[in-house]
Amino acid sequence: MSAESSFSLLGNLGAQDISFVHAYENPVMSEFIAASAGGFMVVGAVIVIALLSYYRGWRSLWFDWLTSVDHKKVGIMYIVVAFVMLARAIIEAVLMRYHQSIAVNDPGILSPDHFGQLFSTHGSIMIFFVAMPFVSGMMNYIMPQQIGARDVSFPLLNAISLWLTAAGAALVMISLVVGQFSTGGWTAYPPYTSIEFSPGEGVDYWIWSISLTSIGSTLTGLNFATTIYKNRAPGMTLFRMPLFCWTTLCTSILMIFAMAPLTIATLMLALDRYAGFHFFTNDSGGNMMNYANLFWLFGHPEVYILILPAFGVFSEVISTFSGKVIYGYKSLVFATMSIAVLSFTVWLHHFFTMGQGANVNAVFGIATMLIGVPTGVKVYDWLLTMVRGRIRLSTAMLFSIMFLVTFVLGGLTGVILANPPVDFAVHNSLFLVAHFHNMVIPGVLFGMIAGYQFWFPKAFGFRLSERWGKASFWCWSIGFYLTFMPLYALGLMGAMRRTVEWFRPEYLGWLQVSFAGAMLLLSGFLLLAVQLIVSVRQREQRRVPAGDPWDGRSLEWSNSAPPPEYNFAVIPQVEARDAFSWMKEHKKAYLSPDNYEDIMVPKNSMVAPVIGVAAIVFGFALVWHIWWLAIVSFTGIWGTVIARSFVTETERVIPASEVRADHEAWLARVREAPVTPREREDTSDNVGRAEVLA
Amino acid sequence: MNGEPTTGGAVETYEKDFRSYCIGGALALVLTAIAFALVAFEILPVFERLVAIALLAVVQIVVHFRYFLHISWHSHRDDLQLVLFTSLILFLMVGGTIWILFNLHSRMM
Amino acid sequence: MNTSPLSHPGLNLGSVDEYSHEEAEPVIFGFWIFLMADLVLFALLFATYATMSVQGQADGPSPADIFDLSSAFIGTMLLLASSITFGMASLALKYRADGPHLVLWLVLTFILGAGFIGMELRDFMTMIAQGAVPQLSGFLSSFYLLVATHGIHVTAGLIWMIVLLIQLRVMGRTTTVKLRIMRLALFWHMLDIVWVCIFSFVYLYGVTL
Numbered sequence: 019m020s021a022e023s024s025f026s027l028l029g030n031l032g033a034q035d036i037s038f039v040h041a042y043e044n045p046v047m048s049e050f051i052a053a054s055a056g057g058f059m060v061v062g063a064v065i066v067i068a069l070l071s072y073y074r075g076w077r078s079l080w081f082d083w084l085t086s087v088d089h090k091k092v093g094i095m096y097i098v099v100a101f102v103m104l105a106r107a108i109i110e111a112v113l114m115r116y117h118q119s120i121a122v123n124d125p126g127i128l129s130p131d132h133f134g135q136l137f138s139t140h141g142s143i144m145i146f147f148v149a150m151p152f153v154s155g156m157m158n159y160i161m162p163q164q165i166g167a168r169d170v171s172f173p174l175l176n177a178i179s180l181w182l183t184a185a186g187a188a189l190v191m192i193s194l195v196v197g198q199f200s201t202g203g204w205t206a207y208p209p210y211t212s213i214e215f216s217p218g219e220g221v222d223y224w225i226w227s228i229s230l231t232s233i234g235s236t237l238t239g240l241n242f243a244t245t246i247y248k249n250r251a252p253g254m255t256l257f258r259m260p261l262f263c264w265t266t267l268c269t270s271i272l273m274i275f276a277m278a279p280l281t282i283a284t285l286m287l288a289l290d291r292y293a294g295f296h297f298f299t300n301d302s303g304g305n306m307m308n309y310a311n312l313f314w315l316f317g318h319p320e321v322y323i324l325i326l327p328a329f330g331v332f333s334e335v336i337s338t339f340s341g342k343v344i345y346g347y348k349s350l351v352f353a354t355m356s357i358a359v360l361s362f363t364v365w366l367h368h369f370f371t372m373g374q375g376a377n378v379n380a381v382f383g384i385a386t387m388l389i390g391v392p393t394g395v396k397v398y399d400w401l402l403t404m405v406r407g408r409i410r411l412s413t414a415m416l417f418s419i420m421f422l423v424t425f426v427l428g429g430l431t432g433v434i435l436a437n438p439p440v441d442f443a444v445h446n447s448l449f450l451v452a453h454f455h456n457m458v459i460p461g462v463l464f465g466m467i468a469g470y471q472f473w474f475p476k477a478f479g480f481r482l483s484e485r486w487g488k489a490s491f492w493c494w495s496i497g498f499y500l501t502f503m504p505l506y507a508l509g510l511m512g513a514m515r516r517t518v519e520w521f522r523p524e525y526l527g528w529l530q531v532s533f534a535g536a537m538l539l540l541s542g543f544l545l546l547a548v549q550l551i552v553s554v555r556q557r558e559q560r561r562v563p564a565g566d567p568w569d570g571r572s573l574e575w576s577n578s579a580p581p582p583e584y585n586f587a588v589i590p591q592v593e594a595r596d597a598f599s600w601m602k603e604h605k606k607a608y609l610s611p612d613n614y615e616d617i618m619v620p621k622n623s624m625v626a627p628v629i630g631v632a633a634i635v636f637g638f639a640l641v642w643h644i645w646w647l648a649i650v651s652f653t654g655i656w657g658t659v660i661a662r663s664f665v666t667e668t669e670r671v672i673p674a675s676e677v678r679a680d681h682e683a684w685l686a687r688v689r690e691a692p693v694t695p696r697e698r699e700d701t702s703d704n705v706g707r708a709e710v711l712a
Numbered sequence: 005m006n007g008e009p010t011t012g013g014a015v016e017t018y019e020k021d022f023r024s025y026c027i028g029g030a031l032a033l034v035l036t037a038i039a040f041a042l043v044a045f046e047i048l049p050v051f052e053r054l055v056a057i058a059l060l061a062v063v064q065i066v067v068h069f070r071y072f073l074h075i076s077w078h079s080h081r082d083d084l085q086l087v088l089f090t091s092l093i094l095f096l097m098v099g100g101t102i103w104i105l106f107n108l109h110s111r112m113m
Numbered sequence: 047m048n049t050s051p052l053s054h055p056g057l058n059l060g061s062v063d064e065y066s067h068e069e070a071e072p073v074i075f076g077f078w079i080f081l082m083a084d085l086v087l088f089a090l091l092f093a094t095y096a097t098m099s100v101q102g103q104a105d106g107p108s109p110a111d112i113f114d115l116s117s118a119f120i121g122t123m124l125l126l127a128s129s130i131t132f133g134m135a136s137l138a139l140k141y142r143a144d145g146p147h148l149v150l151w152l153v154l155t156f157i158l159g160a161g162f163i164g165m166e167l168r169d170f171m172t173m174i175a176q177g178a179v180p181q182l183s184g185f186l187s188s189f190y191l192l193v194a195t196h197g198i199h200v201t202a203g204l205i206w207m208i209v210l211l212i213q214l215r216v217m218g219r220t221t222t223v224k225l226r227i228m229r230l231a232l233f234w235h236m237l238d239i240v241w242v243c244i245f246s247f248v249y250l251y252g253v254t255l
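Chains as they are written, first to last, in the working numbering: chain A, 19 to 712; chain B, 5 to 113; chain C, 47 to 255.
Okay, chain A solo, but in the shape it has when bound (with noise of 0.2 Å):
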């Protein structure tokens, strides 16, 4: 606690704090990168306002995009976080690779503190605002649509949850510009993390924006499981629908139990450090080892809380693009539930060092095996769709065979893990650092982007360029394989994680051939932007409006590309799996409906952008000592809350003669569009009508 007893309007923040303004007062190149970072984040808004401003977004920006409660909308927002928050990590990983490459008996070009920094918001971001919200994003988009819905259960939940995660995301990037972050990793283990030995604000701004984004998950949770139980199309079981939505449905039940573990986690180090509670300090009956336990009992289900969406992309696309029913779907159902449960049996494999006797070591590491199975089971199941079927070899395609590959490889060193006497020699190595980045870099990267280049032409009506895409994709393997390969073998060489400066000059050409792959990682992201920036300007060539470009099977094809506000003009009645493959081999797909009804939708609203900007400003309060403004802001966002619930017109009506106009004249464009043999399903001949091959 400060030792002043004043008041001061802004709690602990003073001029020193700005970076750029630190950055004056301490010359040196590290403090020069600091700030230049947070330049490029202000040049970067700024330039975000002037294109706003020049082409007159604003209106459009409000009206249509930060008050819509359209899950279409708020997942396409979700995935805009993610990548703008995947440009600044990945820049991180460069840097810290560059410095590594010459840290070698050398202080390289980053200070220790600054290195801290740099691995911690790393991990935090792309964990937290990166991988979080691309699955997210994706559930959002897909998943209503997949079970025959209109929209999530709760649809404002769904945008306040969005806005908690943005909100999280605004304090990381406000603290390259005000203050530091923490510099305890992505776990912030105490006592490193207590007030007594990280005194400053960098732990608080990794609390408060860590707990904002993990309600928002939680509620996402909620919301998820709450549409795909309660709001499916009539006909459409549970055994019905796409392998996403199972992933999705075992997905959001991890989100609403494992987010509260990591609540507690934060909340107990938080009172600790604001408050001089004992939980986890050295004296006075602490245990800082239930820090490890309770972020651990978070930590573990999270990864599958990743992957699992993931594995559900990879089952439609591999599906898809083979040109097959999947093959073992009960035994993919069964695979994904096993998973979801085995999740919350494992999680003490991340600390098989601290101390606990053998048997408790082996009972996890024994769990931890079996986990490997299910997994397995799914990777055969994938394998045999491919399996006498008819190949595309597109983007998305390519991304998951790579991953195919490489996640396996990543799962047979995790085996090697598991097993604590082998994991107390390599427990905190670049080995492990080799291992996790080998399971999310191919696996829900790879899963997410082949998300993207899927569903990219349903959700904006225009498919993107492949050539770019293939490009990007072996920028992305190559650069996968040179950066982590090598810190397997530095890991085994003794070489440890969050390392600042190395003494030995074995390590140095590892650590070249790894910085050299992680600018082909850099190259693949940005060649991601060449092919969306190419096929925006291609748009009109690549337009498919009728929909369906690559033969899809399941419901989300069935409507337009972009689909209504409303999803479908009639819910559809299903019949079977791959339910709209089935309407289009029986014939009953873009059928008249006999009958339109008004549509009730929610309106926007602009509760949600409201508490999240107060969510911000709460975090921001709370990380500086302002009491008087956290308090404020506190009851803003309880304030809003309620003041909502005195609302009673909540939604509006789509009149069903507009459904009727709208529908029939997009179906009199269906029926006029060519079908698109398969060789052609990469040209301007593709509208969105592909052919069914039987």
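Since the hints were derived computationally from the structure, they do not count as laboratory data.
For clarity, every value in this text was computed on a predicted model and none was experimentally measured.
Ideal placement from N, C-alpha and C gives every residue a C-beta, glycine not left out.
Check each hint, because a few of them may be wrong.
Using C-beta positions, here's what the derived DEER-type ranges look like [said to hold, decoys possible]: (1) C:Gln-176 x B:Glu-19: 44 to 52 Å; (2) C:Ser-108 x A:Val-391: 42 to 50 Å; (3) A:Ser-26 x B:Met-112: 41 to 49 Å; (4) A:Val-433 x B:Leu-96: 18 to 26 Å; (5) A:Ile-384 x B:Lys-20: 44 to 52 Å.
Covered, in the sense of this in silico footprint (three residues per stretch, anywhere, with C-beta under 8 Å from a C-beta of chain A), are these stretches of chain C [unchecked claim]: (6) 69-75; (7) 89-101; (8) 171-182; (9) 211-223.
Following the hints, complete the assembly by docking chains B and C onto the known chain A.
Okay, now just chains B and C, sitting in the frame of chain A:
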């Protein structure tokens, strides 16, 4: 307060629902009183007392679920599944935490 | 798909108000999920308390030194009574289309709940005056967090009750308001369940061990 309800056609169910809360309340009261009495009057040896308190708590929780929350084997399958799954998660998390921390503690001494 | 007459937890409106009954299913299911997540939160606070009450006393007091059982008993009675009165309010919601019963039972619930909070605050202040502050030991930190988290939840429920009483007056007994009262009922009963665990495993165990 116990007069006839003014909405038509649902008299027997009103009686049934009313009884549910009364029985639940009475049972909860008794179970609570026994638990406090066990401690206040130091009935039973310590270990057995602790076991008895735990059992009384579990029974009272079931009473609350059944008579106040109306959760029983007749509930909607989704709701039952959720309660049972939650119980599994609670068992794993709480049991696991206590096992791990007591194991660590014993190895620190 | 659903062969059970009970479509959601808590008192079902059923044939008394079929429209509300149909609207209720997804809305109450969503809230039920939230309660499950909340239970996990409490469970971990209990698990932490279980270890810290034994291992984390440091040089500070033990549970037996500071727990006041008679106060805990009174609080328990107040909260249990409030659960019963909320049950009566739920019955009034379902079976009495109008009349003062619903509001009166809710107000009674509020008074009993506020009484519970009042007792708890008094207990905390007594303990603090004795020097048993959370900053003294791990055991005390975990005790205060667990019990105060429950207390904050109850307080939130009381605020929610006031808002709903206002909404009953301003908006009337619409489906929306009914569904909110039904969710508050679930919340309130769940908090009583958590309290059963607190008086059993914190207070009674604390004094016995």
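Taking the hints in turn, this is what the structure says about them:
{"no.": "1", "hint": "C:Gln-176 x B:Glu-19: 44 to 52 Å", "result": "holds (50 Å)"}
{"no.": "2", "hint": "C:Ser-108 x A:Val-391: 42 to 50 Å", "result": "holds (47 Å)"}
{"no.": "3", "hint": "A:Ser-26 x B:Met-112: 41 to 49 Å", "result": "holds (42 Å)"}
{"no.": "4", "hint": "A:Val-433 x B:Leu-96: 18 to 26 Å", "result": "holds (22 Å)"}
{"no.": "5", "hint": "A:Ile-384 x B:Lys-20: 44 to 52 Å", "result": "holds (49 Å)"}
{"no.": "6", "hint": "69-75", "result": "holds (count 4)"}
{"no.": "7", "hint": "89-101", "result": "holds (count 6)"}
{"no.": "8", "hint": "171-182", "result": "holds (count 3)"}
{"no.": "9", "hint": "211-223", "result": "holds (count 5)"}
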